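Based on the provided sequences and hints, a complete structural model is requested.
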Amino acid sequence: MVLIKIESLSQKELEHIAIQEGVQDAASLSREELIEILRDIYDDERDDEAQGGEDNIQRRFVTWLTDYRGDGSEVTSLPGVEDLPELYPETSIHVMMKNATWLYCYWSLSPLDVEKIEEEHGRFSTFLHVELKDGGLLVDSYDISVGNDDVEWNININANRGQARVQLVLETSDGKRLTVAQSRPVTLVSCYWLEHAGEIAQNEDLLRRELGLITNREGQILTCETVQLIVQKIEKEGVR
Amino acid sequence: MGAKASVNLILHAHSPYVRHLEYPKFLEENWLFESLCESYIPLLRMLMDLRNVSSGIRLSICFSPTLCTMLCDDPLRERFVQYLLSRIELGEKEVERCADQAPENLPMARIYLEKYRSCLSFYEDCGRDILSQFAKLQEAGMVELVATAATHCYLPLYQSYKTAVRAQIEIGIKSHIRFFKSAPAGFWLPECGYYPGLEKELEKYGVKWCQIPAHSIITARNRIESAGYQPVRLYDSSIAGFPRDWSITNLVWSDTTGYPCDPDYREFYRDIGYDLDLDYIRPYIHEPDVRVFTGYKYNAITGRDEDKRPYDPSVAQKKIDLHADNFLYHLRRKTLSFCAETKTSPVLNLCFDAELFGHRWYEGIEFLRRVLERSQNEDTLELTTPSVILSRGIECERAELNECSWGRGGYSDCWLDSENSWLYRHTHKAIERMEELARRFPGQRSLKCRFLNQAAREVLLAMASDWPYILHDKTSVIYAEKRLRNHLGSFNVVYSNMCKNSVHTEWLVKAERRNAIFPEMDYNLFMPQDNEQ
Numbered sequence: 000m001v002l003i004k005i006e007s008l009s010q011k012e013l014e015h016i017a018i019q020e021g022v023q024d025a026a027s028l029s030r031e032e033l034i035e036i037l038r039d040i041y042d043d044e045r046d047d048e049a050q051g052g053e054d055n056i057q058r059r060f061v062t063w064l065t066d067y068r069g070d071g072s073e074v075t076s077l078p079g080v081e082d083l084p085e086l087y088p089e090t091s092i093h094v095m096m097k098n099a100t101w102l103y104c105y106w107s108l109s110p111l112d113v114e115k116i117e118e119e120h121g122r123f124s125t126f127l128h129v130e131l132k133d134g135g136l137l138v139d140s141y142d143i144s145v146g147n148d149d150v151e152w153n154i155n156i157n158a159n160r161g162q163a164r165v166q167l168v169l170e171t172s173d174g175k176r177l178t179v180a181q182s183r184p185v186t187l188v189s190c191y192w193l194e195h196a197g198e199i200a201q202n203e204d205l206l207r208r209e210l211g212l213i214t215n216r217e218g219q220i221l222t223c224e225t226v227q228l229i230v231q232k233i234e235k236e237g238v239r
Numbered sequence: 000m001g002a003k004a005s006v007n008l009i010l011h012a013h014s015p016y017v018r019h020l021e022y023p024k025f026l027e028e029n030w031l032f033e034s035l036c037e038s039y040i041p042l043l044r045m046l047m048d049l050r051n052v053s054s055g056i057r058l059s060i061c062f063s064p065t066l067c068t069m070l071c072d073d074p075l076r077e078r079f080v081q082y083l084l085s086r087i088e089l090g091e092k093e094v095e096r097c098a099d100q101a102p103e104n105l106p107m108a109r110i111y112l113e114k115y116r117s118c119l120s121f122y123e124d125c126g127r128d129i130l131s132q133f134a135k136l137q138e139a140g141m142v143e144l145v146a147t148a149a150t151h152c153y154l155p156l157y158q159s160y161k162t163a164v165r166a167q168i169e170i171g172i173k174s175h176i177r178f179f180k181s182a183p184a185g186f187w188l189p190e191c192g193y194y195p196g197l198e199k200e201l202e203k204y205g206v207k208w209c210q211i212p213a214h215s216i217i218t219a220r221n222r223i224e225s226a227g228y229q230p231v232r233l234y235d236s237s238i239a240g241f242p243r244d245w246s247i248t249n250l251v252w253s254d255t256t257g258y259p260c261d262p263d264y265r266e267f268y269r270d271i272g273y274d275l276d277l278d279y280i281r282p283y284i285h286e287p288d289v290r291v292f293t294g295y296k297y298n299a300i301t302g303r304d305e306d307k308r309p310y311d312p313s314v315a316q317k318k319i320d321l322h323a324d325n326f327l328y329h330l331r332r333k334t335l336s337f338c339a340e341t342k343t344s345p346v347l348n349l350c351f352d353a354e355l356f357g358h359r360w361y362e363g364i365e366f367l368r369r370v371l372e373r374s375q376n377e378d379t380l381e382l383t384t385p386s387v388i389l390s391r392g393i394e395c396e397r398a399e400l401n402e403c404s405w406g407r408g409g410y411s412d413c414w415l416d417s418e419n420s421w422l423y424r425h426t427h428k429a430i431e432r433m434e435e436l437a438r439r440f441p442g443q444r445s446l447k448c449r450f451l452n453q454a455a456r457e458v459l460l461a462m463a464s465d466w467p468y469i470l471h472d473k474t475s476v477i478y479a480e481k482r483l484r485n486h487l488g489s490f491n492v493v494y495s496n497m498c499k500n501s502v503h504t505e506w507l508v509k510a511e512r513r514n515a516i517f518p519e520m521d522y523n524l525f526m527p528q529d530n531e532q
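Chains as they are written, first to last, in numbering that gives the first Met the number 0: chain A, 0 to 239; chain B, 0 to 532.
Bear in mind the hints are in silico, worked out from the structure with no lab data behind them. Since the structure is predicted, the reported quantities are computational estimates derived from the model, not experimental observations. Where a beta carbon is used, it is the ideal one built from N, C-alpha and C, also for glycine. Some clues are possibly wrong.
To be verified - Partial chain B-side listing against chain A, Cβ under 10 Å, derived:
no., residue
1, F121
2, S225
3, L250
4, H329
5, K333
6, L335
7, G409
8, K481
Here is the structure:
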């Protein structure tokens, strides 16, 4: 997918990227300075990503160069097309699985519902109530306090099986908890080898075959948190 | 038993639906033109050559419905011809310029010029219709053509909306039948995106197999003895999942050590569109003076520095030979050790984006040619397709997979991050409203039916995986966001009009002309089934 390093780019290309990134004096900078500045820009942007680092920086340059980043003004809308609203006037909550340990949740509160609740109960604070169930049994549940202006949240899940469901809960000033919306359940990642690491640790042939599919010639294993956990567990068990 | 592996080479060709006839030239349409003249046409020509060499060559290719639509669109076909003519004109100038000013680049200038001329000639000779040529390769048993979702939607993030997932699958398959005149057995999961339950939807449409990510086997919910070297049966369905072999594909795919990184190969990112004076290059770049690739690239990768040596095709040819042999060596070695250990024959599934070959990796098509040709002399390897494997009555082990993809990290992070998560609020709402329209206005005919069908098209176009990925990758961000907002806004035009029980005829005619895709669309697909209300 990615065949080049930032160092390969010409001065002109680097200047071009830097100008797009808002570097005012790009034309007067040396090649080394441009590379350093661009690395800083992309490092900052990627700091919040667990898998940041050089590969990601390179990937951005690589794909960008083929794709002119215009101002978009040339793409016109058909007559009658209006801007999208920020939110929709309804009370609902939706949850999606981002990866094995994080869910992404977005919600909205209908202005009518808010008005009604405030009339009846006064001010309120907002919570996300997370329930983890396995085979119908409640395994864990907890609240996450969010701001009344928040409309989305990433939820860390520390479970290796079952389902998660999130409720949108309003706690009123008179101490009542009102569940105003509930998400559909999300099936969590459940992994046989995570729970039976000892079994595969004792079966060297099977382990070699399983890892053989996802290990490159340099001995690196495909990037996946669940795979890393399995490998760590197997290492703990000690391969026979 | 002699050791022998079945090798399924599966290529996936896709481009988002980009068609802006309202402008004489539109830059993002170059995505299609570059892929056509550098990947799809060279691939087709190479396969047509090989058909005469050996009957044992087989591979699978998926063309997405959005790509097929553009490949069959007459105005875009004409634009592609104009694109080639413009490259030829530039090539003629380049031959003169290089002869005078850069003799070290003259051989490549001539090669490019001949490539564009030959491409144009071939394109015209086949009536500007390359898909029917691929269909002929399928009829000849060389290629298995594979379907995919209508707009290449990343399906796991829409699993709560069964109507939308079904619409993606059904329209994807109906489009495939319209373009290739045959029902597909295989379904390419966009981005290898799978979730438990998807197999049931695929089964309803007669799909027999799909590809699945490599790590889905080791991270499965049950113990899988075949360890990814045999197709698996997804849960209790009849759908076979063919696990991608990451270890072998990584020989090509790796951004640090893959074959395409070899210093003797052509540098993709050094192009005269960036390097020559604006006055000279202006007619071949984007207005106003936006430097873009022209296709004329004269340097070898060389190293990590700016200084690049001129590209030497004869040196690159030697590397292609070496790399093809090395690739076959790794396949052979894996086969022999697997057979020795298990006394069974593995099925190795090599999935790639088609555009890697020829477009991103200039020498990629020649590499493929060598691999396909030389595999015919390998006793340990047999080129097959998933349908050929299944026709042998192979017993598939049951697999309970988790949600997964081939994106970085193995899950949905690429399509659901801080840059793109906002869009799902809107696409999900559009689907809910489309379901509402289907319930309120079932079985419409004539104008209302067209209006509702256009709404359904806009929903599907908004669901394309390309938009969140571009936002994630921060490439053509503004374009992607604008497209998304346009599709969703267009849907809202229908929704608000239908809520007033009216049809905006003028808008409809323009919208149908602009997004001329999916003639088989039936908005009733969005009608939730009884248990989904």
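Do the hints match the structure? See the list:
| no. | hint | result |
| --- | --- | --- |
| 1 | F121 | 24 Å, violated |
| 2 | S225 | 8 Å, holds |
| 3 | L250 | 7 Å, holds |
| 4 | H329 | 7 Å, holds |
| 5 | K333 | 7 Å, holds |
| 6 | L335 | 13 Å, violated |
| 7 | G409 | 4 Å, holds |
| 8 | K481 | 4 Å, holds |
In this structure, the earlier hints numbered 1 and 6 are contradicted, and the remaining ones agree with it.
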